[in-house]
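Colleague: Quick mapping for you: the protein sequence lines, in order, are chains A and B. Every position in the first sequence, counted from 1, becomes a number in the working numbering once 175 is added. Read in the working numbering, the second sequence has 161 at position 162, and its numbers run on one by one without any break.
Please note: incorrect hints may appear among the correct ones.
Said to hold, decoys possible - Covered by chain A, per the in silico footprint, the following chain B stretches (three or more residues, Cβ under 8 Å): (1) 24–33; (2) 105–116; (3) 120–134.
No wet-lab data here; the hints were simulated from the structure. All values derive from a computational prediction rather than experimental measurement. Glycine included, C-beta positions come from ideal geometry on N, C-alpha and C.
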Amino acid sequence: MNTAFDTAPATFPTPWAARAFAIVTAVSQAGWFDLKAFQQGLIAAIHARESAGGCIADEAIYYDCWIEALTTLLRDKGVPQARLLAVEASIRQRLLSLAHDHDDDDHDHPPQPVFVESTQ
Amino acid sequence: MTQHVPPEKPWQAVRTEAIESLLVELGVIDSARVDEIVKHYEERVGPKGGARVVARAWTDPAFKQRLLADGLAACAELGLGGPETEKLHVVENTATVHNAVVCTLCSCYPWPILGVPPAWYKSSAYRSRMVREPRRLLAEMGLPLDPAVEIRVWDSVSEIRYLVLPERPAGTESLTEDELAELVSRDAMIGVAKVAA
Numbered sequence: 176m177n178t179a180f181d182t183a184p185a186t187f188p189t190p191w192a193a194r195a196f197a198i199v200t201a202v203s204q205a206g207w208f209d210l211k212a213f214q215q216g217l218i219a220a221i222h223a224r225e226s227a228g229g230c231i232a233d234e235a236i237y238y239d240c241w242i243e244a245l246t247t248l249l250r251d252k253g254v255p256q257a258r259l260l261a262v263e264a265s266i267r268q269r270l271l272s273l274a275h276d277h278d279d280d281d282h283d284h285p286p287q288p289v290f291v292e293s294t295q
Numbered sequence: 000m001t002q003h004v005p006p007e008k009p010w011q012a013v014r015t016e017a018i019e020s021l022l023v024e025l026g027v028i029d030s031a032r033v034d035e036i037v038k039h040y041e042e043r044v045g046p047k048g049g050a051r052v053v054a055r056a057w058t059d060p061a062f063k064q065r066l067l068a069d070g071l072a073a074c075a076e077l078g079l080g081g082p083e084t085e086k087l088h089v090v091e092n093t094a095t096v097h098n099a100v101v102c103t104l105c106s107c108y109p110w111p112i113l114g115v116p117p118a119w120y121k122s123s124a125y126r127s128r129m130v131r132e133p134r135r136l137l138a139e140m141g142l143p144l145d146p147a148v149e150i151r152v153w154d155s156v157s158e159i160r161y162l163v164l165p166e167r168p169a170g171t172e173s174l175t176e177d178e179l180a181e182l183v184s185r186d187a188m189i190g191v192a193k194v195a196a
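Okay, chain B solo, but in the shape it has when bound (with noise of 0.2 Å):
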């Protein structure tokens, strides 16, 4: 006979739901627009959306120019964005030049371009070290940069998040849009790796 217990329903998990509780009792949200906003996060929204973007700077020079000078306007123009960034700047990698982006206090991020942050952009690890010593924690994280290439730190903030516009790869000269942006990863939009083609 199976016996149905019910897990231990975490502390966060009830506190969570009393607030939304609250809030609903208090008129101020509905628990369907929390659903909504769930869903678009977890099914709709990811770095396939920045790939995008990169790819379309890396094959239009006109849209990259935009891209640089206004990062939302530019992302609106492939029908991405949202309230949760006010400013978008984008930082281009060169031979000579490597970005990498973090949020030194919290977690800021370019969450309607790239979804949710993975785990270690959060973690006291990442956000403290980047700051210190980029070069050897990028080498740690398996980018290795020629001591010559300057690394430059971008540090989130409420009103500006980063995002890296990585170098196109050599011998990708045939691939299309789509294809390009394929070889687009989350990691190399943070600036913590290389887009290999």
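Chain A with its partners taken away, still in its complex shape (with noise of 0.2 Å):
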């Protein structure tokens, strides 16, 4: 167990923890949902994989707790869980499209340079 002195500010591991945390304290801030409501849900989530064998070993574990009991609590606030898919599809669309457009820049034309300065 890794406790060596530090008083720099702990980082989130992931951006998508970092953004995540931030959207559990924006929708608190905004009264959608209280904090007390997400903690359950998060000692729920990290309950559940415990009992079930598992451990919170490492920050991506927890953080994907994290994400289990924000996405429970978005079903419980009334938002169907198709809607949420149906967005996910979207984002994987848009990443695979952006992605083919990436394989057709490299298949198709050689690398540019960015800038030419003519002889004179």
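Can you join these two chains into the complex? Each is in its own frame, and there are hints to help.
Modeller: In structure tokens, the structure reads:
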């Protein structure tokens, strides 16, 4: 267990973890759900994982529980799961088309210099 | 030729983006506010805030009394605080009593005072062992305590968060408040380390 002295701010392990944390904070500040309600969801998500024999061994697993709690709370607030999945599908579709655009660029056009100064 | 293959986006990232998109669509939040919160926690909040509180308590007995009576109000005097913490209970270490903080159920922590909690604080191992065998765990974490020292473990919950007021190390009488603050680590304020001069 690494507990080296460190007064520098701990950071979020991934950009999405930072975003998920901030979303929960922003939503609770907006009063759409109470922070306590989220914490209950987080406790439940962690408990479910630990009681199934798993454990919170690293940051990634912890923030997975965070996402699971947020997803559950959204459903409890009346946002249909199908709607969430539809938005996810559109995000994946967009990512796929971006990847294809990149592929096309790479295959069809040789790299170009960004600027060329002509000889005089 | 360099090929730009975008890395696979993990499901958590897609889910987070989808949730944010939905909440923006519903008018609950706006993305600029989410940006601000991320920036606040990544750049401005951290254990140095808590260290300022500890150093002030070491040098100002009246402040220390206010801190022990109402942690959040005293921290607010130094411009620290936020909606994430409702009540802050400050527990003082002495030569005979050592305090340590845990959240057995999840990861309750005084975020506005100490910033983002360290990874180990959220781990199953720390959360379970700190309430079963704190002396042994603290020793493994580099803090062997004299058997005569009583260990008090405080379980953070959503309503109450804890901050350890460590002992001021000997030989620091001539240091300024700012210099003292430099000595105070995050781990000492959780209670898994002592402050060394």
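Colleague: Each of the hints needs a verdict: does it hold here or not?
Modeller: Comparing the hints with the structure gives:
Residue count for the segment 24–33 of chain B with a Cβ under 8 Å from a Cβ of chain A: 5. That meets the three needed, and the coverage hint holds. Against chain A, the segment 105–116 of chain B contributes 6 residues with a C-beta closer than 8 Å to a partner C-beta. That satisfies the three-residue criterion, and the hint holds. Counting residues of the segment 120–134 of chain B whose CB lies closer than 8 Å to any CB of chain A gives 6, which reaches the minimum of 3, so the coverage claim holds.
This entry satisfies every hint, going by the numbered hints stated previously.
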